[in-house]
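K.L.:
Keeping the supplied structure of chain A fixed, place chains B and C upon it in accordance with the hints.
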Amino acid sequence: MDWQLLISQLLNGLQLGMLLFLLAAGLTLIFGIMDFINLSHGSFYMIGAFVCATLVERTGSLIASVVIAVVIVFGVGLLVERFVARKLYAHDHLDQVLVTFGLILIFDTLAHLIWGAAGMTIPLPAWLNGQIDIAGVIIPGYRVLIISAGLAVVVGLFFLVTRSRLGMLIRAGASNRTMVTALGVNIDRLYLVVFALGAALAGFAGMLIAPITEASIGMGNEIIIVAFVVVIVGGIGSIKGAFVSAILIGFIDTLGRSYLDDLLSLFLATRYAETAAPALSAMTIYILMASVLAFRPQGLFPPASSMR
Amino acid sequence: MSLAIRNLNKSFGGIMASSDVNLDIEENETHAIVGPNGSGKTTLIAQLSGIIVPDSGTIHFNGVDITRAPSHRHAHIGLARSFQITSVIMPMTLVENVMMAAQSVSGHSFRFWRPISLERDLRERAMQYLEDVGLKDVSGSEARAVSHGQRRQLEIAMALALNPRLLLLDEPMAGMGKRESGRIVELLAGLKGKMTMVLVEHDMDAVFALADTASVLVDGSIIATGPAAEVRANPEVQRAYLGDLHA
Amino acid sequence: MKPSAPRRVSWGVYGTLFLFLLAAPPVLVWADQPFYMDLLTRVLILSIAASSLNLILGYGGMISLGHAAFVGLGAYSVAIPSYYGIYSGYLHLGIAIAACVLFALVTGAICLRTRGVYFIMITLAFAQMLYFTFVSLEEYGADDGLLIYQRSEFSGLLNLENPGVLYYLAMGVLAGCLGLMNRLIHSRFGRVIVGIRHNEPRMQSLGYNTYRYKLACYAISGAMAGISGFLLGNFTYFISPEMMDWTRSGELIFMVVLGGTGVLLAPVAGTAVFLLLEEILSAFTVYWHLLFGGFLIAIVLFGRGGLHGLVEKLERRNHSR
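For the protein sequence lines, the chains are A, B and C, in the order given. Numbering of the first sequence is given in numbering that gives the first Met the number 0, commencing with residue 0 and proceeding in unit increments. Numbering of the second sequence is given in numbering that gives the first Met the number 0, commencing with residue 0 and proceeding in unit increments. Numbering of the third sequence is given in numbering that gives the first Met the number 0, commencing with residue 0 and proceeding in unit increments.
The following block holds chain A by itself, in its conformation from the complex (with noise of 0.2 Å):
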């Protein structure tokens, strides 16, 4: 077994779980609370990337865009609900995927129009370019900060949803939505926060994976479908949830991709398990939303709501 490589997997695996933590966390709350469907969440993560990207090439300091690149994400984020989601409230779910999906297409051409067809990339200052050494074991340096900065958004949340005001709200609207307005809340304030937050989650999971992968055009369209799944398969409206199924969902498809033919090579001759192995790899994460859904239709931690 090589040791070097488990553990690099292992980091990966959390990595990509931290970044679908972040994209889910928002579309679960939007889901929940709002019962809005919305597709175009991944445009907030290509947002927030492009615009990281700019004010790093602007200001040279990769935190201080970052901060400002959140508040501006949470600012689009205010303007999208405020213009375009408020209104779809009340319509059916049909309506709401469809305006999403036009968002989408206006989005990434907006992208194309300020930022160009190219992509930008963000190029990550010396201290975070470093390779950190434990035990023999290599690990750059970057994923253990993608990793942490997670973590600490994962608890930060935490602290906002069990200790806050605005947490107690959004817990008893995930499960319960006439209980909040007959607690005589301003019910749109608390959307559009929601929503905005949200959008700023996505967007700073934007940045943090643009300094590996690049800001380009569409980066949202097809992370965002895993975190659908995320959010299926942690229950719709669930913070733990959402958290709990994003990292196991980050090892499962990070792992399979990886292994999956070494284990198949058991059973297999080496020719078919090669072909097989990818194909198989690239459907695990559905499998395993599958075989939830057969015996927990409503997810993982489905919000406790009360019947009758």
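Hints are supplied without guarantee of correctness; some may be wrong.
[Unchecked claim] Under 10 Å between C-beta atoms, here's a sample of chain A residues computed to sit facing chain C:
hint: 1; residue: Ala171
hint: 2; residue: Gly217
hint: 3; residue: Ile284
[Claimed, not checked] Pairwise CB distance ranges (calculated):
hint: 4; chain 1: C; residue 1: Glu199; chain 2: A; residue 2: Val143; range: 29 to 37 Å
hint: 5; chain 1: A; residue 1: His90; chain 2: B; residue 2: Glu123; range: 39 to 47 Å
hint: 6; chain 1: B; residue 1: Ser146; chain 2: C; residue 2: Val285; range: 55 to 63 Å
Derived from the structure by calculation, the hints contain no laboratory data. Keep in mind it's a predicted model, so treat the numbers as computed, not measured. No residue lacks a Cβ here, since even glycine has one placed at the ideal position from N, Cα and C.
P.N.:
What follows is chains B and C alone, placed relative to chain A:
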């Protein structure tokens, strides 16, 4: 024995909606279930019609265990229901609604080719049921275009079109005016003795005009059951429920 | 007034469209305009896919965001046998239908247990699963897809290499599918499907096992979309996973809604306008998606009922005059 309920329990987060419910209803009997709001009447009906599965206990219908049967099975063994909150197919006409019910119990519906309009007998039967409930004149109107009272009548016509041996009626007079509910009482009186009926209703005059037997449900438990007149006179019932209504 | 009354009036519009499509090939060949011939062929082929989506979405109320998967499966059913030198059209078509029905039954069995947002996302996820599966199949070209060097053979009966033959075949298949759907929605089965869309709990209490009806409907729709994919693969001489990307499924939904959901012929008009608009706008500017997205949003927010609804409104105004 038409319906036999044994030791039925159902709780929602610690609240007992059904607490050790035992009930026998004879063939062709009309049985009323009364009780204050939140006493568990709707939960009981939901368990009888297969929408909610009880935590424990059994329900037998004509000797068949239906405790865990899915709700779509019920119509085919002769158990039909009407809903407390009107549930009809709004954009369809009244006759189409009733045809939908009649179609369900006349062979399967995996028939893809023959237009439904050629199935004359379905339409004729549907029209007959609409006439029985007094909706013949508006049979061509869409359900969303008729009055609330007429939709309640439509509910009953749909249930009847299933040709049931047991009819579960969940507050058939809910939200109706005096004249309209009088019409329903008349209709149900005409059905008495032809099938078993379980009636959940708030209107006490209507209940005791129709029911042969009655049960009183309080906090999920049956506190009294027996012939309607006796139940009405039972002091415990008077105190627990009827008293504060008539006070 | 019965709601079906004004719909009859629109037959004039659809009749004109039909005659136009029927007469177009000879005129276009005479005028030497292969480009427009191709465009119309694509309209016909994608109309089949859009109509099949209309069956589950418009009539059955099942919002599938994974319909392009069936189209892609249909096209791969031409490409993969051809890759091994098997050109029989009967076989291609058979595989297309069988594969789509199987995929519909397996994925439908899972996603139809859920509803609402769950259903949308699960159809989307399964389609994406198929997409990534084909992306990872190196043998069949992975990302780049497969070229189809020769169109399906129908034992000398039909020569699909002739654009006119392919055109009229597509038109015939479209007419056949629409005819079938028309029978279907007025049959017992169709009434049940429509009933489920409007009030599923009530249909269950009336004794319908709604899950089985929806699953059957989903499989029929999938098979039709597969046939459309079979034609599309033949038409383009090419298939790549991109053809089943989820944005393609989004476009199919747009075509249906643009035409008018739950109206038999409307998706044909929706597809035609969609593809025409795509051609015109993309010739006009590379940033045409911006206009397209705006148009999409406007249709949803202001144009309820799609093109069909618009025509209906206009006709009603003319009548009341």
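K.L.:
Check each numbered hint from earlier against the structure, then list the numbers of those it violates in ascending order.
P.N.:
1 and 4
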